[in-house]
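The opening position of the first sequence corresponds to residue 1 in my numbering, with each subsequent residue numbered one higher.
What the hints contain is simulated information worked out from the structure, not anything from laboratory work.
Just so we're clear, the structure is a prediction, and the values are computed from it rather than from any experiment.
Mixed in with the good hints, there may be bad ones.
Stated by the list, open to error - For each label pair, taking beta carbons as the anchor points, the in silico distance ranges come out as:
{"#": "1", "residue 1": "Lys213", "residue 2": "Asp154", "range": "39 to 47 Å"}
{"#": "2", "residue 1": "Lys107", "residue 2": "Asn210", "range": "30 to 38 Å"}
{"#": "3", "residue 1": "Met179", "residue 2": "Ser220", "range": "23 to 31 Å"}
{"#": "4", "residue 1": "Glu155", "residue 2": "Asp265", "range": "53 to 61 Å"}
{"#": "5", "residue 1": "Asn157", "residue 2": "Phe270", "range": "51 to 59 Å"}
{"#": "6", "residue 1": "Glu155", "residue 2": "Glu261", "range": "51 to 59 Å"}
{"#": "7", "residue 1": "Tyr257", "residue 2": "Tyr153", "range": "49 to 57 Å"}
{"#": "8", "residue 1": "Tyr257", "residue 2": "Glu155", "range": "49 to 57 Å"}
{"#": "9", "residue 1": "Pro14", "residue 2": "Asn48", "range": "16 to 24 Å"}
{"#": "10", "residue 1": "Tyr257", "residue 2": "Asp216", "range": "25 to 33 Å"}
Even for Gly, the Cβ is constructed at its ideal location relative to N, Cα and C.
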Amino acid sequence: MAINSRLLETNLIPIKIFNMQHTFESAQPLTFYADYYIRENMIKYPSNGRILELKHSGSINDGSISAIGSNTIYALQEVKKRFRLQDRMNYIYSKIDTDTFMSESIKKYFGMRVTMNDPWETTVVFIISQFNNVKRIRLITKKLMEHFGTPIYDEHNMIIGHNFPTIESIAKASETDIMSCGPGFRGKYLKSAAQTCMENLDLYSLNGKNYYKIKDALMSVHGIGEKVADCIALMGYGKTEAFPIDRWVKRVMERIYFKKEQKIDKIADFANSRWGKYAGYAQQYIFWNGRSIGVI
DNA sequence: ACCCAGGCGGGCG
DNA sequence: CGCCCGCATGGG
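Assemble the whole structure, with the sequences as input and the hints as a guide.
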């Protein structure tokens with residue numbers, strides 16, 4: 001309590017082992033709709049009806065996040081949840097640092113966190129992500145927000161951004177309007193997923209369920225398969241045992257651990273037994289490092 | 001011009 | 001089951 005009130009007064013949230021740039025850039029939901037200012041080491045994004053501006057200062061090992069000009073109490077809980085402040089990074093690193101490739105990946109992207117995001121927002125961005133590239137996922141997501149998200153105003157009544165589109169707004173949108181945002185063949189998945197989430201599946205009732213229940217429920221949605229379901233389980237529900245296998249992860253795993261082509265199921269089993277509850281963290285480092293080095 | 005991108009559903013054997 | 005194919009779109 002004493003600590004909390006001090007934090008509120010100073011508007012500083014301590015965070016150890018955190019690299020904002022790697023966390024932002026590594027193709028997680030924030031990559032697709034936030035803006036990052038490298039010079040200020042500041043991230044800016046809409047959250048729950050307001051624009052949040054968060055600045056990271058200090059060092060990667062021992063720094064702090066401050067919320068600029070916004071509701072401090074709200075920012076405190078948002079940061080705590082979004083960047084998973086409950087994670088003991090040294091402990092997690094000790095669990096996933098199993099070999100030279102993992103050591104190299106952790107060293108290179110030290111402080112990259114797995115983020116915790118809204119389930120619906122996570123669902124949308126990862127439906128868009130399929131057979132797509134990071135730049136275009138971002139382009140499409142931003143267009144959807146401008147088109148379907150309600151505007152956010154500053155104190156002078158100027159529009160300073162848009163909220164993420166609600167489930168309802170996508171469910172009742174016309175196909176033409178959705179397609180004008182450039183999703184291509186994923187447009188039909190977006191709309192039907194939104195309709196399913198209105199009628200048959202309450203995404204928010206899945207909070208607190210176990211990994212398998214969440215994954216099964218997600219995969220019942222047309223347009224969500226294994227990989228996207230795992231991404232949502234990991235980044236939308238915080239299930240760190242989820243191990244999404246996309247083409248990059250598959251290539252790295254085959255190259256580094258199997259030395260030959262391998263089925264997805266075998267790779268998933270291997271990851272589960274090797275990294276267990278923190279396979280999702282391992283995956284994020286494998287994915288991002290593998291992608292950066294072009295899988296050797 | 002050609003290739004690729006954080007996959008998926010559908011159809012076939 | 002497992003396998004293979006098409007899929008919209010934009011950037012390198």
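Evaluation of the provided hints:
Our hint of 39 to 47 Å for Lys213 and Asp154 holds, since their Cβ atoms are close to 42 Å apart. The supplied range of 30 to 38 Å is met by Lys107 and Asn210, whose beta-carbon atoms lie about 33 Å from each other. As the Cβ distance of Met179 to Ser220 is approximately 25 Å, the hint placing it in 23 to 31 Å holds. Hint check: Glu155 to Asp265, Cβ distance near 54 Å, so the stated range 53 to 61 Å holds.
A C-beta distance of roughly 56 Å is found between Asn157 and Phe270, which places it inside the suggested range of 51 to 59 Å. Between Glu155 and Glu261 the beta carbon distance is about 58 Å. The supplied range of 51 to 59 Å therefore holds. Remark: the range hint 49 to 57 Å for Tyr257 to Tyr153 is upheld by a beta-carbon distance near 51 Å. For the pair Tyr257 and Glu155, the beta carbons lie near 54 Å from each other, so the given range of 49 to 57 Å is met.
A hinted range of 16 to 24 Å holds for the C-beta pair Pro14 and Asn48, which are about 23 Å apart. Checked against the given bound of 25 to 33 Å, the beta carbons of Tyr257 and Asp216, roughly 27 Å apart, stay inside it.
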